[in-house]
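Spelled out, the chains give:
Protein chains: 2
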Amino acid sequence: MNGYDSKTLASPTLLYLEDLVVGQRFTSGIIEVEKDRMVSFAAEFDPQPFHLSDDLAKGTLFLGLAASGWHTGALTMRLLVDGGLPFAGGLVGANAEIQWPRPTRPGDVLHVDTEILDITASKSHPERGSVTVRCETRNQRNEAVQILKIRLIVPRRPA
Amino acid sequence: MNGYDSKTLASPTLLYLEDLVVGQRFTSGIIEVEKDRMVSFAAEFDPQPFHLSDDLAKGTLFLGLAASGWHTGALTMRLLVDGGLPFAGGLVGANAEIQWPRPTRPGDVLHVDTEILDITASKSHPERGSVTVRCETRNQRNEAVQILKIRLIVPRRPA
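Those protein sequence lines, which keep their order, are chains A and B.
Heads up, the first sequence is in our numbering, so the first residue is -16 and it goes up one at a time.
Heads up, the second sequence is in our numbering, so the first residue is -16 and it goes up one at a time.
Chain A extracted, bound-state conformation (with noise of 0.2 Å):
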């Protein structure tokens, strides 16, 4: 079932709203993108001819097997969460802005490449504030198969 596991980070603290900053930068571990699993979710969740299989794929715009945009935001979550973004209170979003400037191939060794765009306090909720971070997924070439921009809550520290 779980067909990857990505070189974590030493555990790492955790981080509350006053242990952030603008402009402060995070770097994941990585995890290589497996073909088998590519195609098995692909099967699974968006069975399109040029996510399914290297013959299918030659004559599409991708000019070869690519993975769901959606595993290649999977996997990103999968870097975050074991330790690339050490947010006290997990990670949860709840919007988001999302590119895929280029495909995530078989093989293709990824990280995430967080910075923190922007902190914001909460009026109604002192206890936490919201903290949107821009998260490059990049590929063994330091390419860009992923640019996600999402808005996270983040508590203070408990007194």
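Since the hints were derived computationally from the structure, they do not count as laboratory data.
The reader is advised that the hints may include incorrect statements.
Unchecked claim - SDA-like mimics (lysine to any residue), calculated; alpha carbons at most 25 Å apart, straight line:
no., chain 1, residue 1, chain 2, residue 2
1, B, K106, A, P84
2, A, K132, A, G112
3, B, K41, B, A26
4, A, K132, B, E27
5, B, K18, A, A26
6, A, K132, A, S113
7, B, K132, B, E1
8, A, K132, B, I130
9, A, K41, A, P89
10, B, K18, B, P84
11, A, K132, A, T(-4)
12, B, K132, A, K41
13, B, K41, A, L74
14, A, K132, B, L100
15, B, K132, B, G72
16, A, K18, B, V4
17, B, K18, B, Q31
18, A, K132, B, F45
19, B, K132, A, T115
20, B, K132, A, E119
21, B, K106, B, A26
22, B, K41, A, S113
23, B, K18, A, V75
24, B, K132, A, L44
25, B, K106, B, G6
26, B, K106, A, L46
27, B, K41, A, V75
Said to hold, decoys possible - One side only, chain A facing chain B, incomplete, derived with CB under 10 Å:
no., residue
28, R20
29, E27
30, S36
31, T43
32, W53
As the list claims (entries may be wrong) - Distance ranges between label pairs, derived from CB positions:
no., chain 1, residue 1, chain 2, residue 2, range
33, A, D96, B, Q123, 37 to 47 Å
34, B, P84, A, V92, 32 to 42 Å
35, B, P32, A, D96, 22 to 32 Å
36, B, R8, A, D38, 34 to 44 Å
37, B, P141, A, S107, 54 to 64 Å
38, A, R124, B, D37, 37 to 47 Å
39, A, L44, B, K41, 43 to 53 Å
40, A, E80, B, S107, 17 to 27 Å
Predicted, not measured: the structure shown is a model, and the values here were computed from it.
In this text, a Cβ means the ideal position worked out from N, Cα and C, and glycines have one as well.
Dock chain B against chain A, hints included.
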């Protein structure tokens, strides 16, 4: 591996750019979200307490087990590919905006309502255009669990 079989629509006629108009609506088939698959998806891609077990989820802001947003996104894609959005050339998005207004829960039965928001002919590629759609993924109470706005490339009918 494949925990779902969406109840697909009768195989729909594929639509080309000239078949589409702003305001046109589409409704997908349905898919039931199985609890075991919800948990195994989270174990692989989004291993956070509120996605992994009833007990772990109780004390969190989700107040109970909730699907990873990426699982909701992947299921939405399956419903769209299975006839929910029958565009010629397949469903390929370069960028998207996504909201998760409420969680997907075990046993939810999802469908996707889509509306065409914008159609733009390509100047550089006369054989195609881009179509922006709003896809609302709704549960059995017709509550939106995901709102996806995505721009897709759609070909013109071959001469």
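Evaluated hints:
1. B:K106 with A:P84: 20 Å, holds
2. A:K132 with A:G112: Answer holds: A:K132 to A:G112 is near 17 Å, not above 25 Å.
3. B:K41 with B:A26: 17 Å, holds
4. A:K132 with B:E27: 22 Å, holds
5. B:K18 with A:A26: OK: B:K18 and A:A26 at ~20 Å, within 25 Å.
6. A:K132 with A:S113: 13 Å, holds
7. B:K132 with B:E1: It holds: about 21 Å lies between the C-alpha atoms, which stays within 25 Å.
8. A:K132 with B:I130: Satisfied, since the Cα-Cα distance of roughly 16 Å is no more than 25 Å.
9. A:K41 with A:P89: Answer holds: A:K41 to A:P89 is near 14 Å, not above 25 Å.
10. B:K18 with B:P84: 20 Å, holds
11. A:K132 with A:T(-4): Cα-Cα ~23 Å, so holds.
12. B:K132 with A:K41: With a Cα-Cα distance of about 28 Å, the restraint between B:K132 and A:K41 is violated, given a limit of 25 Å.
13. B:K41 with A:L74: 17 Å, holds
14. A:K132 with B:L100: Given pair A:K132, B:L100 holds - Cα atoms ~22 Å apart, limit 25 Å.
15. B:K132 with B:G72: 19 Å, holds
16. A:K18 with B:V4: 38 Å, violated
17. B:K18 with B:Q31: Roughly 15 Å between the alpha carbons, so the hint for B:K18 and B:Q31 holds.
18. A:K132 with B:F45: Judged against 25 Å, a Cα distance of about 22 Å means the pair holds.
19. B:K132 with A:T115: Holds: B:K132 and A:T115 sit about 19 Å apart, inside 25 Å.
20. B:K132 with A:E119: Distance of about 20 Å is within 25 Å: holds.
21. B:K106 with B:A26: The given pair, whose Cα atoms are some 45 Å apart, is violated under the 25 Å limit.
22. B:K41 with A:S113: With Cα atoms ~22 Å apart, B:K41 and A:S113 stay inside 25 Å; holds.
23. B:K18 with A:V75: Between B:K18 and A:V75 the Cα gap is close to 20 Å, so the pair holds against 25 Å.
24. B:K132 with A:L44: 22 Å, holds
25. B:K106 with B:G6: Judged against 25 Å, a Cα distance of about 23 Å means the pair holds.
26. B:K106 with A:L46: Distance of about 23 Å is within 25 Å: holds.
27. B:K41 with A:V75: Satisfied, since the Cα-Cα distance of roughly 16 Å is no more than 25 Å.
28. R20: 9 Å, holds
29. E27: 5 Å, holds
30. S36: 14 Å, violated
31. T43: Holds. Min distance 8 Å.
32. W53: 4 Å, holds
33. A:D96 with B:Q123: 37 to 47 Å: Roughly 40 Å apart at Cβ, these two residues keep to the hinted range, so it holds.
34. B:P84 with A:V92: 32 to 42 Å: 35 Å, holds
35. B:P32 with A:D96: 22 to 32 Å: 26 Å, holds
36. B:R8 with A:D38: 34 to 44 Å: 35 Å, holds
37. B:P141 with A:S107: 54 to 64 Å: 55 Å, holds
38. A:R124 with B:D37: 37 to 47 Å: With Cβ atoms ~43 Å apart, the hint holds.
39. A:L44 with B:K41: 43 to 53 Å: Between A:L44 and B:K41, where Cβ atoms are some 46 Å apart, the hint holds.
40. A:E80 with B:S107: 17 to 27 Å: At roughly 24 Å between Cβ atoms, B:S107 and A:E80 fall inside 17 to 27 Å, so the hint holds.
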